[in-house]
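> Sequences listed follow chains A, B and C, in order.
FYI, the numbering for the first sequence is 1 to 340, going by the numbering used here.
FYI, the numbering for the second sequence is 341 to 680, going by the numbering used here.
FYI, the numbering for the third sequence is 681 to 1020, going by the numbering used here.
Only pairs whose alpha carbons sit at most 20 Å apart, straight line, appear in this in silico EDC-like list of lysine to aspartate or glutamate:
(1) Lys601/B with Asp619/B
(2) Lys991/C with Glu327/A
(3) Lys633/B with Asp613/B
(4) Lys749/C with Glu687/C
(5) Lys418/B with Asp273/A
(6) Lys908/C with Asp959/C
(7) Lys78/A with Asp867/C
(8) Lys1017/C with Glu667/B
(9) Lys749/C with Glu728/C
(10) Lys651/B with Glu1004/C
(11) Lys78/A with Asp953/C
(12) Lys409/B with Asp359/B
(13) Lys1017/C with Glu674/B
(14) Lys677/B with Glu334/A
(15) Lys337/A with Glu673/B
(16) Lys653/B with Glu1007/C
(17) Lys601/B with Asp187/A
(18) Lys261/A with Glu200/A
(19) Lys78/A with Asp65/A
Quick caveat, the hints were computed from the structure, so don't treat them as lab data.
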Amino acid sequence: MNHTAAELAQYLGARLRGDARATISGVASPERARTTDLIYLASPRHRERAQASAALCLVASPALDVPGKTILEVADPKLGFVKAAALLLKKPSLPVSIHPTAILSPDATLAADVTVGPYVIVEDGVSVGAGTALGAFCFLGRGAAVGENCYLHPRVTLYAGARLGNRVEVHSGAVIGSDGFGYVFGDGRQWKFPQIGTVEIGDDVEVGANTTIDRGSLETTRIQSGVKIDNLVQIAHNVQIGEHSILAAQTGVSGSSRLGKGVVIGGQVGIADHCTLEDGTVAGAQAGIPSGKTIRHGQTVWGTPARPLEKFKRQYAWFARLPELAERIGSLEERNKKEE
Amino acid sequence: MNHTAAELAQYLGARLRGDARATISGVASPERARTTDLIYLASPRHRERAQASAALCLVASPALDVPGKTILEVADPKLGFVKAAALLLKKPSLPVSIHPTAILSPDATLAADVTVGPYVIVEDGVSVGAGTALGAFCFLGRGAAVGENCYLHPRVTLYAGARLGNRVEVHSGAVIGSDGFGYVFGDGRQWKFPQIGTVEIGDDVEVGANTTIDRGSLETTRIQSGVKIDNLVQIAHNVQIGEHSILAAQTGVSGSSRLGKGVVIGGQVGIADHCTLEDGTVAGAQAGIPSGKTIRHGQTVWGTPARPLEKFKRQYAWFARLPELAERIGSLEERNKKEE
Amino acid sequence: MNHTAAELAQYLGARLRGDARATISGVASPERARTTDLIYLASPRHRERAQASAALCLVASPALDVPGKTILEVADPKLGFVKAAALLLKKPSLPVSIHPTAILSPDATLAADVTVGPYVIVEDGVSVGAGTALGAFCFLGRGAAVGENCYLHPRVTLYAGARLGNRVEVHSGAVIGSDGFGYVFGDGRQWKFPQIGTVEIGDDVEVGANTTIDRGSLETTRIQSGVKIDNLVQIAHNVQIGEHSILAAQTGVSGSSRLGKGVVIGGQVGIADHCTLEDGTVAGAQAGIPSGKTIRHGQTVWGTPARPLEKFKRQYAWFARLPELAERIGSLEERNKKEE
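Model the full assembly from the supplied sequences, consistent with the hints where possible.
Rendered as C-alpha cells:
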C-alpha cells in the first residue's frame, strides 16, 4: 500500500528531510530498489550503496546524510525500516473464499471471512477466527482452535486440540500437537507414557517450516505470545517458552524445560529435559544444556556442556594452546631430570 | 474404557488397598485429574500433590500411603501407570470407513476394516492390514505394505516398497523410504549412487513427526520391532536398528551403521557411517560417533568424538580448569627462572 | 533398459573381458544380484563376494580378476558402476498424464508432456518444463518455476516465486522458499525483517526429504547447479552455495553465508551467518563455524569452533590426556615443595 514520506515519518516518529510528498510503495535492498522503494542505511560503510540506489527515500540515523535523497531520521534505522515494512507490505493472501475441495466439518466454527485453500481438512469442533487464512492441505484435527488473522501456509498439521492465538503465522510442514516422546521399559518392551495433554500457542507467534511442537504428556506445552521459532526446531512435551523468545533453526528443547521471556537460542542448540533458562538468557549456536540445569537471568552460555560465555572462551583459548602447554610441562620435567 | 479398581489391580498384578469397585476411566496428572482418573505416585516428594488431587485411585509403591485414596500397589508405579494407561486410553480413531476422496488403486489389497481418511493415496500393489488407520493425506507408494493395527497420522509418506509391521504408529510428516544420499564425483559432476534398496520396519515401532528414514542403496534399511524414534530424526540408507532401541529427537544415523538391541540415543546425536553400537549402549545428547567406530556392549559414551562417559567427564573437568592449569605451569616456570 | 556388455563397455570407455553379448538389465549388490544385474568390485577384499554372486558381469579395476565373469575394466570401478546405473535405471515414473484431481491455474504454463499426480496444486503464473513429474500433493505457489525433466516426489512445497532449474529432484516434505528468520526487537516486541526475496536453484540439484530452503530477505537464496542436499537440512535466507557442493543430513547454513564450489559439508554441521567457505573446503560432521568466519580454499575443518583438522586433532589428543597432564603438573609442584 502506498504512503507518502510524510505519512511514514509520522508513523515512525521520524524527522523528515527532503520531499514530504514522495511516494513509497515497498521496501528493498539498495541494489534492487525501484524509485518508490524504501531502503535503510544504518552505518557509514553502506553510504555508497545508498547513494547509488534508485530509491528516493531512505531510513537513516541522524548522523548520516545522503545528498539528493529524502531521509526519514530515526535513532535505529533498521528498526524503522522493519516497522515501515510492516506497514507497506501485505502478505500474499489467498482470495477470501472457501475452496470447494475443502472438507469442513459441520461441527466446526469458522468466522465469516476466513479463507480456506484447496484440500484443507477441518474436523469436528474446530474454531477458526476472523481474517485467518488456511493454506492448501492444512489439517486441523478435532477441537483445534486457530485465532484471528492467522496465516497457515500450505501443509500445516494441527493435531486434535492444538490451540493457536491471534496473528500466528505457521510455515509449511510444521506439525503442532504431535505426541511427546516418553517410554517406560518393563516386561521386555517399551510402554508409551500417555501423551494426552495439549499445546497452546499465544499471539503473534511464528513457527518455521517443518518444525515440530509436541503436545504435553499430561500437561500443556505452552508457547507464549511473541515467540519466534525457526525451521526444523523440535519442542518437546510440557515445554514452556516465555514471551518474545527466539529459537533459531534446528534447535531442540526437551521435555518439561522452561524458557523465560526474551530468551535467545542460537541454531542447533540442544536443551535437555527439565532445564530452566531464566528471562533474557542467551545460548550460543550448538550449545548443549544438560538435564535439569538452570541458566540465570541474562546469562549468555556456550559449549557442551554449556557454561558462561566468557568462561568458555577462556577455557577454549587454552584448549587451542594445549600442545604448547604439554610442551611446557615436558620442558619442566626435562629440567628436573637434568638437575637430578 | 472404564474399569474397576479391582480389574486394574488384577491386570497390573497389583495389591489393592481401598475401594475395589471404584471406577477408573482415564489417566491424568494429580492437578488435572477428575475423580475417576488414575494418577501415580513414585516418590514421597509428590505425596502432597497426590493427596490434594481429585483422583480417587492411584498407583503407588508399597511404601507410600495416601489416606482416603484407593491404592494399586506395585513395585514400579510409573510402569504400572503407563500399563494402566495402555488399557484405559484408546487412540482417537477415525470412524471406520473409506473416505470418498481417497484414491485407492484397484491393485491394492486392503483388509475389510481399514480406515482411510480424506485425500489418501494408495498406489498399485500396496497392502494394508486389518484394523489399520490411514490419516488424511497419507501417501502409500507402489508396493508399500502396512501391517495390522497401524496408525498413520495425517500426511505420512511411504515411498514405493516401504514395509511396516503391525501396530506401528507414524506421526505426521514422516517420510519413509526416501533415497539415500550417496554420490561419486567423476567427469566434473556428482553421479548418484543407486538407491534402489528398500526399508523394512518391524512391529510396535513409533516414528516421530517429520522424521526421515531412507531406503537402502542396494540393501535394506531395517528397523527392528519395538524401536521408538522421536521427531526430526534422520536414518540413512542401509542402517540397522535392533529391538527396543530408542532414538531421541534430531539424532542422525549415517549410512550402514548398526545399532544393537536396547540402544538408547539422546537428542541431536550424530552417528557417522559404518559405526557399530552393540546391545545396550547409550549415547548422551549431542554425542558424535566417528566413522567406523564400535561402541562395546553396554557402554555409555558422550562428547565429540564420543568416548566413555566417565573418561569424558574427567577430561571435561580438567578442560574447565585449563586456565588454572596454565597458571600453575606459569608459576612453575617462574620459580625455575628465579632459581637460575 | 537392457544393454549388452559391449554397449556398456563403450559407454563407460571400459576394456571388456568376457562375453560381449551378455545382457545387463540392472545393478545390485553381489548378494542380491540376478544373472543380468551388474555388480562392481573395487577392492580385493570383496573378491569372494563377487565370485559367489549370481551376476555374470561386473565392473572392476584392471588388477582384479574374477574367473568366469564378464568384466568391464575401468580405473575407478565405483564410478563406472554409478555411471552404468545412471544408464540402466529409470526413475519410477508416474504415467504421463494430468490427474483429474490436480488443480491447475489457467494462468500456469505446463509443457505438453508434464506428469501431474493427484491433488497437486499449481497456482497462477507457474511454469513447468517438459518431461517434469509432479508427485501427489505437490504445491507450486504463485509464479514458481520448475525446469525440464525435474522429479518432485509427493508432498513438495514451493512457495511463491521459487525457481528450480532442469533435472532437479526434490524429495517428499521439502519446503523451498519459506520465509527467512530475522527480527528486530523494538517497542517491546519482535518486528519481522521483510522476507521478500526469492530462491533460485540451478540444474541437477537434489534436495532431501523434509529439507527447508528459505527465500532471501531482500536478495536471492541461490543454490548452484550440481549441488546435492541431504534430508532435514536448513538453508537460510540469502545463502549462496556453489556448484557441485554436498551437504549431509541435518546441517544448517545461516543467513548470508557463502559456500564455494565443490564444498563438502558433513552431517549436523552448523554454519553461522555471514561465513565464507571457499572452493573445495570440507567441514567434518558436527563442526560449528562461527559467525563471519572464512575457511580458506581447500581447507578441512572440524570441531566447534571449527579449526583446521590437523590442529584440532592435535589439540583433541591432548584433551584426552588432560588428566595425565594435570597429574604431571601436580608431580612437579610436589617435587618443588619437597625441595623447599
